[in-house]
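Engineer: Sequence:
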Amino acid sequence: KQKIDFSKEISQLESAETILTGAEKNLLSVDTTILRKTYNSSANNLHVIMGKLSKDTVKKKTALFLTDAYELSGNISNLLNNKKFMGRAISESRQRISDLKHDLNESLIEKNKSDEYIVHEINASKKIYETVNKAIEKAKSSSGKLDSMKTQIAFFADSLNLRKTK
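Numbering (the numbering used here), first residue to last: 708 to 873.
Hints may contain errors.
Taking lysine-lysine and the DSS-like style, the derived pairs with C-alpha atoms no more than 27 Å apart in a straight line are [stated by the list, open to error]:
| no. | residue 1 | residue 2 |
| --- | --- | --- |
| 1 | Lys790 | Lys841 |
| 2 | Lys857 | Lys847 |
| 3 | Lys857 | Lys715 |
| 4 | Lys791 | Lys808 |
| 5 | Lys852 | Lys732 |
| 6 | Lys732 | Lys857 |
| 7 | Lys715 | Lys790 |
| 8 | Lys852 | Lys841 |
| 9 | Lys791 | Lys833 |
| 10 | Lys808 | Lys715 |
| 11 | Lys790 | Lys834 |
| 12 | Lys768 | Lys857 |
| 13 | Lys847 | Lys791 |
| 14 | Lys841 | Lys710 |
| 15 | Lys808 | Lys834 |
| 16 | Lys820 | Lys808 |
| 17 | Lys833 | Lys808 |
| 18 | Lys710 | Lys766 |
| 19 | Lys744 | Lys833 |
| 20 | Lys744 | Lys791 |
| 21 | Lys808 | Lys818 |
| 22 | Lys818 | Lys841 |
| 23 | Lys857 | Lys845 |
| 24 | Lys852 | Lys759 |
| 25 | Lys790 | Lys857 |
| 26 | Lys820 | Lys732 |
| 27 | Lys847 | Lys715 |
| 28 | Lys710 | Lys790 |
| 29 | Lys833 | Lys845 |
| 30 | Lys841 | Lys820 |
| 31 | Lys744 | Lys710 |
| 32 | Lys833 | Lys820 |
Derived DEER-like restraints, expressed as beta-carbon distance ranges [said to hold, decoys possible]:
| no. | residue 1 | residue 2 | range |
| --- | --- | --- | --- |
| 33 | Asn747 | Ser866 | 14 to 24 Å |
| 34 | Asn819 | Thr774 | 28 to 38 Å |
| 35 | Thr740 | Gly781 | 11 to 21 Å |
| 36 | Phe772 | Glu844 | 34 to 44 Å |
Derived by calculation from the structure, the hints in this document are not laboratory data.
Every value quoted in this text rests on a predicted model; they were computed, and no experiment measured them.
Just so it is clear, CB atoms sit at the ideal spot from N, CA and C, and this is done for glycine as well.
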């Protein structure tokens with residue numbers, strides 16, 4: 708069997724590996740301690756508020772504020788809860804690329820079939836990179852905003868506790 712030259716395709720796959728390495732570096736550089744601290748400082752109060760307001764109504768301004776707070780805490784929670792899954796997606800994608808490079812080097816894939824596999828892996832690596840970076844960006848941005856809302860959230864939770872216990 709004649710060996711096919713897949714050097715161009717292998718180079719494309721190496722670019723995809725570089726993209727995954729960037730995603731992995733970004734994911735590993737996230738300081739989850741700060742994010743977890745911000746999340747935890749408001750999550751308990753938000754939980755108390757939800758419990759108290761589940762059968763109550765609030766002013767529109769308060770509802771919008773609480774909706775924002777929940778969304779922000781959700782963005783942080785998303786990264787904290789899914790960080791290991793994103794890491795696993797990077798590892799699995801890296802393994803698929805490695806396997807594909809091996810198959811190309813050994814001419815185990817027909818030339819006309821290789822493009823489909825390569826495009827899939829390149830697109831997958833870009834999607835993983837975008838997903839990781841978007842989650843990090845949202846969590847960091849949300850952390851700052853939620854931190855600035857912490858006092859209002861605590862005040863609101865305390866006022867509900869006082870109002871309901873009288």
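Engineer: Confirm or reject each hint.
Structural biologist: A quick look at each hint next to the structure:
no. : hint                          : in the structure
1   : Lys790 <-> Lys841             : 12 Å, holds
2   : Lys857 <-> Lys847             : 15 Å, holds
3   : Lys857 <-> Lys715             : 53 Å, violated
4   : Lys791 <-> Lys808             : 26 Å, holds
5   : Lys852 <-> Lys732             : 25 Å, holds
6   : Lys732 <-> Lys857             : 30 Å, violated
7   : Lys715 <-> Lys790             : 33 Å, violated
8   : Lys852 <-> Lys841             : 16 Å, holds
9   : Lys791 <-> Lys833             : 18 Å, holds
10  : Lys808 <-> Lys715             : 11 Å, holds
11  : Lys790 <-> Lys834             : 15 Å, holds
12  : Lys768 <-> Lys857             : 17 Å, holds
13  : Lys847 <-> Lys791             : 17 Å, holds
14  : Lys841 <-> Lys710             : 41 Å, violated
15  : Lys808 <-> Lys834             : 20 Å, holds
16  : Lys820 <-> Lys808             : 14 Å, holds
17  : Lys833 <-> Lys808             : 18 Å, holds
18  : Lys710 <-> Lys766             : 72 Å, violated
19  : Lys744 <-> Lys833             : 30 Å, violated
20  : Lys744 <-> Lys791             : 19 Å, holds
21  : Lys808 <-> Lys818             : 13 Å, holds
22  : Lys818 <-> Lys841             : 35 Å, violated
23  : Lys857 <-> Lys845             : 18 Å, holds
24  : Lys852 <-> Lys759             : 24 Å, holds
25  : Lys790 <-> Lys857             : 24 Å, holds
26  : Lys820 <-> Lys732             : 32 Å, violated
27  : Lys847 <-> Lys715             : 38 Å, violated
28  : Lys710 <-> Lys790             : 41 Å, violated
29  : Lys833 <-> Lys845             : 18 Å, holds
30  : Lys841 <-> Lys820             : 32 Å, violated
31  : Lys744 <-> Lys710             : 56 Å, violated
32  : Lys833 <-> Lys820             : 21 Å, holds
33  : Asn747 <-> Ser866: 14 to 24 Å : 21 Å, holds
34  : Asn819 <-> Thr774: 28 to 38 Å : 52 Å, violated
35  : Thr740 <-> Gly781: 11 to 21 Å : 19 Å, holds
36  : Phe772 <-> Glu844: 34 to 44 Å : 23 Å, violated
When held up to the earlier numbered hints, the structure conflicts with 3, 6, 7, 14, 18, 19, 22, 26, 27, 28, 30, 31, 34 and 36 and fits the remainder.
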